[in-house]
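There are 2 protein chains.
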Amino acid sequence: MSQQDAEHAFFIKSIYDHSLGEGECDTWLQYLSDTIGGRLAGSEASLEAVHYTQKVLKSIDIVDTAWLQPCEVPLWDRGPQKEIVRIQYDGQQIELNALALGNSEGTGEGGVTGQVIEVNGLDTLELLGEAELKGKIVFFNRAMDPTKVRTFHAYGEAVDQRVYGAARASKYGAAAVLVRSMTTNKDDFPHTGVQLYGDSEPIPSIAISTNDADRLSTLLNSHTVEAYIENYAQMLEPVQSYNVIAEIRGSTHPDEIILVGGHLDSWDVGGGAHDDGAGCVHSIQVIHTLNALGYKPKRTIRCVMFMNEENGLGGGLAYAEASNAAGEFHLAAIESDAGGFTPRGFACSADAEVFKPYLANLQSFDKFLDPYDLFLKAGGGGADIGPLKSQKGLLIGLRPDSQRYFDFHHTEADVFANVNVRELKLGAAAMTSLVYLIDQFGL
Amino acid sequence: MSQQDAEHAFFIKSIYDHSLGEGECDTWLQYLSDTIGGRLAGSEASLEAVHYTQKVLKSIDIVDTAWLQPCEVPLWDRGPQKEIVRIQYDGQQIELNALALGNSEGTGEGGVTGQVIEVNGLDTLELLGEAELKGKIVFFNRAMDPTKVRTFHAYGEAVDQRVYGAARASKYGAAAVLVRSMTTNKDDFPHTGVQLYGDSEPIPSIAISTNDADRLSTLLNSHTVEAYIENYAQMLEPVQSYNVIAEIRGSTHPDEIILVGGHLDSWDVGGGAHDDGAGCVHSIQVIHTLNALGYKPKRTIRCVMFMNEENGLGGGLAYAEASNAAGEFHLAAIESDAGGFTPRGFACSADAEVFKPYLANLQSFDKFLDPYDLFLKAGGGGADIGPLKSQKGLLIGLRPDSQRYFDFHHTEADVFANVNVRELKLGAAAMTSLVYLIDQFGL
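Chains H and A, in that order, are what the protein sequence lines are.
Counting from 1, one number per residue, gives the positions in the first sequence under my numbering.
Counting from 1, one number per residue, gives the positions in the second sequence under my numbering.
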């Protein structure tokens, strides 16, 4: 290793030392997820989170400016009382662990009753058609594949029934849908998540726990089962919210922006600790660490906490629109939105025209990241930074270990107690190291 | 990728599919750690574990022979009642969270009382000498360094005070020692672990939790503190125990042994889930998976559950002695003894004469292991397989993610509930894949 490379390696070691030793991202995350709690876009809690994170960012000396960027977001309300899903067969009744999916309509008083028809994903639905589905409660029971080593692949394969199940069943006249929770675990937590009606008539759309899905499926083998559903969710008028942005102006290449970010909104249940409080505090920690080390960046480093990733992407779209209008160029955007687990590496993507040279340059960083067991691979990015693709910079997703993510994702268990502080801090150190390397070497 | 390589890659995918889908290592681990529980070498529980794992191995069709290999082990007894460590200052008393270190002597009735003298590791002890230490209770308070990314490095740096603290303090006439627990966490769990008197006069040697260590250290800044220690631990006469061994005889190279193993004994507190029930069930799962896939190995594959790794290495030494006496050759020995966390890769070592070519051959496996984000690096092995080094085969340690290991290590929290089943199964899949590759290609 050359003298110069040794100096870079030494700086990266100092990034890790600071992050693990004096990093404060655990303190910020505990406040976001335990004190503020679930913070659905448009909610009071989400505004508290906006003001809290802006205050933290403003308190860091190195930050030149910190501002709020307005964006319009949908406002969905789960309603004043807990969802009821009760199944009935042979004179018996069982209450299921249920949670309305995001953007779901409510049944209102009196609820909805119907026979339960199980389907194994969207395709099966087409085979049944209106004759079999009209007035029924469609139960989407396609399980996440436990043999996929990377759990996000299994999620990607199974989640279409959660997102589009209600819209598709509605077109055949179904009265409501129940959806198996998105996890490979067998447990009692229902997992919420976004669902989209598109141009379909809204019908109630409710997640049930995997244990309950298995129980229901077993019953359906030998019984006719009816379900009673009652919930009071509703979509209200859109409201204004904000992205939180802080910037350190670059000394020699101020027009090349390196963005680090996560999304500040979460679902209303739990504390949004892994999804995506972790990504927000990772990003703040990048700034905090660079400040503590007295680093003066060559390029502009911008920390962005996006609003409304979960049910609309209002923040990500508003950010890209404003950035494009201002003629900005994001050389790189790094999003952390896969939890506060031990980082395994980074995955990146870009416009086809510029991707290969970027990736090659990025791989020249391997020698600095290998001591920390971090890979650099193709194939990633993030929902909030996706709209920046047209600027032809590199879009990068932090890839933490994914094994435990769907233990907590979109449930009441996504709280600070389920975050390991060392693992969280390592994610911040990994992001800071990559920001440093891109700032030093370009792409 | 050649047709042949594609077939190897396909077989490895089927190893992962079986391990994650139908692997049973979680069932075995739950039995070992919850039903049998802590299983110190020589104890009744350790013999239950011997018979249980032998029964599991015998039930797997592919196993040609399964046998018990006798070994002599020390028998240490914590005593009939909980350790007491009570500190006293200014008329106040505080009970600390305490746990005698392995092999420690007891105080017996009446306990031991003495002034507490804090030292920052073994070197500081020398500076004080007999004048300052005679009759005192020496408090070793060197903390594990949180900035070490790999927690085993921090453990390696700080653990000498636990292993040798009592022996060294005893030479200066100290009455007893208290030792800060080996974890970077601030919590209330005392962590036990081996300590060795050598030729020193035995004195009681007790771990206290990190929170209590910090409290005691703070008090010592402004107060004279006395401690009262009472415990009833004792070393009994050595007893006979066993390594559990199962073998699949190789079809074309039966004299080249590939060993997979872990250690069956654990400390008496907790359930020895991560340390090292995980390594035992990883190793059984290797055999179970190869059986399920109908694999016929070319080389001899041997699964060994070693006894007495924690406080004597009786099993590992007996195994190597018998193996050498029989003129055996272990081409490779893979030990899992770092917990049931997501595997990051493998680290290996060997006699200097043969190491470089082995490592080069091993790295030709990268293309098969890279899709599973597994590295192959120099610098590992395992305590139980270490004595096989003279056979000039390759010694390999599974390297799981280490961030959470010292949350549980040697405490009552090392139970099955703190193991993530997917992470556990991935460790088994990684080991099985490496066994397959070595069996197919040699080294």
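Bear in mind the hints are in silico, worked out from the structure with no lab data behind them.
Fair warning: there could be bad hints in the mix.
Pairs count within a copy or across copies, as identical chains cannot be separated in the list.
[Unchecked claim] Here are the computed lysine-lysine pairs in the PhoX-like style, where the Cα-Cα straight-line distance is at most 20 Å:
no., residue 1, residue 2
1, 356, 82
2, 148, 13
3, 389, 298
4, 296, 148
5, 148, 367
6, 377, 134
Note that the coordinates shown come from a computational prediction; the quantities given were computed from them, not determined experimentally.
For this session: Hint by hint, work out which the structure violates, then give me just those numbers in ascending order.
Result: Hints 1, 3, 4, 6 contradicted; others consistent.
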